[in-house]
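Make a model of the complete structure from these sequences and hints.
There are 2 protein chains.
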Amino acid sequence: MTAFAVDCMGGDFAPREIVKGCLLAWEELGIKTILVGQAPKIEEILRQEGFVGRLEVVDAPDSIAMNDPPLSVLRRKESSLFVAASLVKEGKAQGLISAGSTGAVLAVGKFVVGAMEGVERPAIGVVFPNLESRTFLIDVGANIDCKARHLLHFAVIGHTYSKFILGVENPRIGILSIGEEEGKGNELVREAYTLLKNSQLNFKGNAEGRDIFSGGFDVIVCDGFVGNIILKASESLGLAVVEMLKRSVKKNFLSLIGAFLMKPALMELRKKADFTEYGGIPLLGAIRPVIITHGKANAKAIRNSIKVANQFLTLGFNEKLIKSLNEICPQEVRN
Amino acid sequence: MTAFAVDCMGGDFAPREIVKGCLLAWEELGIKTILVGQAPKIEEILRQEGFVGRLEVVDAPDSIAMNDPPLSVLRRKESSLFVAASLVKEGKAQGLISAGSTGAVLAVGKFVVGAMEGVERPAIGVVFPNLESRTFLIDVGANIDCKARHLLHFAVIGHTYSKFILGVENPRIGILSIGEEEGKGNELVREAYTLLKNSQLNFKGNAEGRDIFSGGFDVIVCDGFVGNIILKASESLGLAVVEMLKRSVKKNFLSLIGAFLMKPALMELRKKADFTEYGGIPLLGAIRPVIITHGKANAKAIRNSIKVANQFLTLGFNEKLIKSLNEICPQEVRN
Chain A
349 MTAFAVDCMG GDFAPREIVK GCLLAWEELG IKTILVGQAP KIEEILRQEG FVGRLEVVDA
409 PDSIAMNDPP LSVLRRKESS LFVAASLVKE GKAQGLISAG STGAVLAVGK FVVGAMEGVE
469 RPAIGVVFPN LESRTFLIDV GANIDCKARH LLHFAVIGHT YSKFILGVEN PRIGILSIGE
529 EEGKGNELVR EAYTLLKNSQ LNFKGNAEGR DIFSGGFDVI VCDGFVGNII LKASESLGLA
589 VVEMLKRSVK KNFLSLIGAF LMKPALMELR KKADFTEYGG IPLLGAIRPV IITHGKANAK
649 AIRNSIKVAN QFLTLGFNEK LIKSLNEICP QEVRN
Chain B
349 MTAFAVDCMG GDFAPREIVK GCLLAWEELG IKTILVGQAP KIEEILRQEG FVGRLEVVDA
409 PDSIAMNDPP LSVLRRKESS LFVAASLVKE GKAQGLISAG STGAVLAVGK FVVGAMEGVE
469 RPAIGVVFPN LESRTFLIDV GANIDCKARH LLHFAVIGHT YSKFILGVEN PRIGILSIGE
529 EEGKGNELVR EAYTLLKNSQ LNFKGNAEGR DIFSGGFDVI VCDGFVGNII LKASESLGLA
589 VVEMLKRSVK KNFLSLIGAF LMKPALMELR KKADFTEYGG IPLLGAIRPV IITHGKANAK
649 AIRNSIKVAN QFLTLGFNEK LIKSLNEICP QEVRN
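Residue numbers (this note's numbering), protein chains in the order written: chain A, 349 to 683; chain B, 349 to 683.
Read the hints as simulated data drawn from the structure, not as lab findings. Just so you know, these numbers come straight off a predicted model, no measurement behind them. Treat the hints with care, since some could be wrong.
A pair holds if it fits inside one copy or across any two, identical chains being indistinguishable in the list.
[Claimed, not checked] Each computed DSBU-like pair below joins lysine-lysine, with the alpha-carbon atoms no more than 35 Å apart:
hint : residue 1 : residue 2
1    : Lys511    : Lys437
2    : Lys655    : Lys440
3    : Lys545    : Lys532
4    : Lys532    : Lys552
5    : Lys580    : Lys458
6    : Lys437    : Lys668
Here you go:
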C-alpha cells in the first residue's frame, strides 16, 4: 500500500502538529504515512490521540534544527529527515513530507531521493492567489545561479504542474522581467526568452512583478534567487498589512466594531492568502514527490501537504512531466 | 530664484493634475516651477485656476508617450521631457520633475542632466513603509545588470539618502539576498557582501525579502532587476489585497457596515501605503535633482515630488553624497 514518509521532527510545531496532521490525512483522506522521528515522543502523541498502532513509526534519534547548515543533513544519517528520505529512496515510502529547514529538505530531495531522468535542476514552485485565479511561480529558491536552459526546464515543469495539478487547460507561461517587451530584462532573461519563444509552450512573453498578483499568466518562471526574495517579501508584506490594520483599528472604538462585522470578509481574504490551504511546496523533478512544508505548518497544513504528495502519485505527475519534456524541449537544451 | 522644471505632459493625468500640482507647490510651499509642455493647454488650465502669469510656461510641442521607446526621447528635442531636462542642464532650472515614462526620464536624467562626478551609475530608490518605520530600497530599476562595486555605490547613496532625507542617524545597511548568513546568495551578492563589509558603512549583512516590510534595515541594496520586480510585485499585491477585500465585503451586508465603521483605520493604512505621500522617486547621483513621479500621479503627488526636489537642494544632498563617497568607498572601487 502507498505510504508517505513524514519527518515528524521538522518545523516549529513538531512533533505534535506534524503527527496530528498525519492523523488527519488518515482519518479524512485515508492516506497512510510512516511517522519518522523520536519514537517515544511520537508514540506518546499517538497514545494521547487514541491512535496507537494504526500508523507505522520509524525511530530516528537525531533531528535537524532550522539553523543547522543545510548540507549537514547528508552526514547526519540518524536524523529524521535523512531516515525519511532513505525510506523513499529504498521504495519503502512513495514520497517525503517535511516542515523542517527548507535547505536541508532540498538537500535530501536532490541527493538522497534524487532527480528524475531528464531534469537537470529540480525546482520549487509556489501558488500565489491572484485577482483572476492563481499564479504558479517557479523557481522560488532551489537554484540560485541559473542558466537560460534551466528557466526553460522550469517552464516545462510549471506547465505540467499548472495543467495537471491546478487544472489549467493551456497554461499561459511568462518569464519574470522588467518591462513587457522582448529585449527587456537582464542577460539571463533575454537569453531564456528566445528559448521559450521557440518551444512548444503557450509562451506569453515577459511578465512583470505586478502580473504575479493581477493575473494574466498561469505560470511565471524566474531564477531561485529572485523567486525566493519575491516569496518572502510577499508573505511579509501580507503580514505587515494585517498588522498595520490591527494597530490602526485599536486606536478607534468604531473601527473595532467595524472589524468585528467585517470578520467574514477578512476570514475569506485570510483563507485566500493562507498558504496552508494550498499544502506545501513540492520539489518538482525529484524521482518521487518531495513536499516542503512551511516551518510554521500546523496539522492542517501537514494534512494538505500529504494530500498534495498523494495527488502527485495518483495523477502520475512525473510521467506527465517526462512526456512534457519530450514534447516541449528541443534535444539540444536537454541534459 | 530657484525653480524646478516640470514636464507637464507626462503621466496619466497630464497636463491638468501636473499643472495643479505645480500650483499647490507654489501656494502651499512657496516653491517655484517652470511649466514645460504644450503652452496653449497649460495656459488654459492656469486661466481656469486663476493663476495666469504667476508661473513661467515654456512651450514644447512634442510629448513622449508611455509606450514610446525610452531612448527615443534623446532624439525628440522638442518633447516636453527633453526641453525640461535641457533647462536643468543649462542651469535655468535647478531640478526636473516628471510623471512620464520612467525609462525616458531615466534616459534624460543620465544623458541630458548627467551624472555627478564620482558616481558611475545613478540609481533610483523607493521608500517602503515597514512595521518599525521605513525601508529605503535601491536600485529599483535604473541599472539592470550590475557589478559588485555598483551595489557598494548604491549602498553609499542609500546611506546618504536615509541619513539626510529620512533623518536616520546611523542607517543600517543590508544587501538583499536569500538567507541571512554570509555566503548565501548569488555570485553578485556574495562579491558585494565583501565590499560592503570592508567599507565604513553600518553594514548589517544579508537582508531577506521579508526584511523589507518587517524592519531591521534602513537601507537595502539590490540590482535594478530584482528591485524593480519587488517594487511592482509589492504595489500590485497591495492593490490585490484591497480588491479581494472589497469583493468579499460586497457579499455580506454586515461586512459592508463593518467596512464603513473601519474606514478611519483603512484610510490610515492607505495613507501608509500611498506612494503619493512620499513624493516621487529620485534619480540619485544625477548632477541635479531628477524626480520620477508615478504615472498615476495626481496634483498632490506632483506637489510632493517638487517638495522632494527642493529638499535635495536645500539640504545640499549631492555635496553630502560626495562627502560620503570619499569617506566610505576605498579608491579602488571608485570610478
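Outcome of the hint check:
1. Lys511 - Lys437: For Lys511 and Lys437, the Cα distance is within 35 Å only inside one copy (27 Å; across copies 55 Å).
2. Lys655 - Lys440: For Lys655 and Lys440, the Cα distance is within 35 Å only inside one copy (18 Å; across copies 68 Å).
3. Lys545 - Lys532: This pair counts as both: shortest intra-copy Cα distance 14 Å, inter-copy 32 Å.
4. Lys532 - Lys552: This pair counts as both: shortest intra-copy Cα distance 14 Å, inter-copy 32 Å.
5. Lys580 - Lys458: both (23 Å within a copy, 33 Å between copies)
6. Lys437 - Lys668: within (21 Å within a copy, 60 Å between copies)
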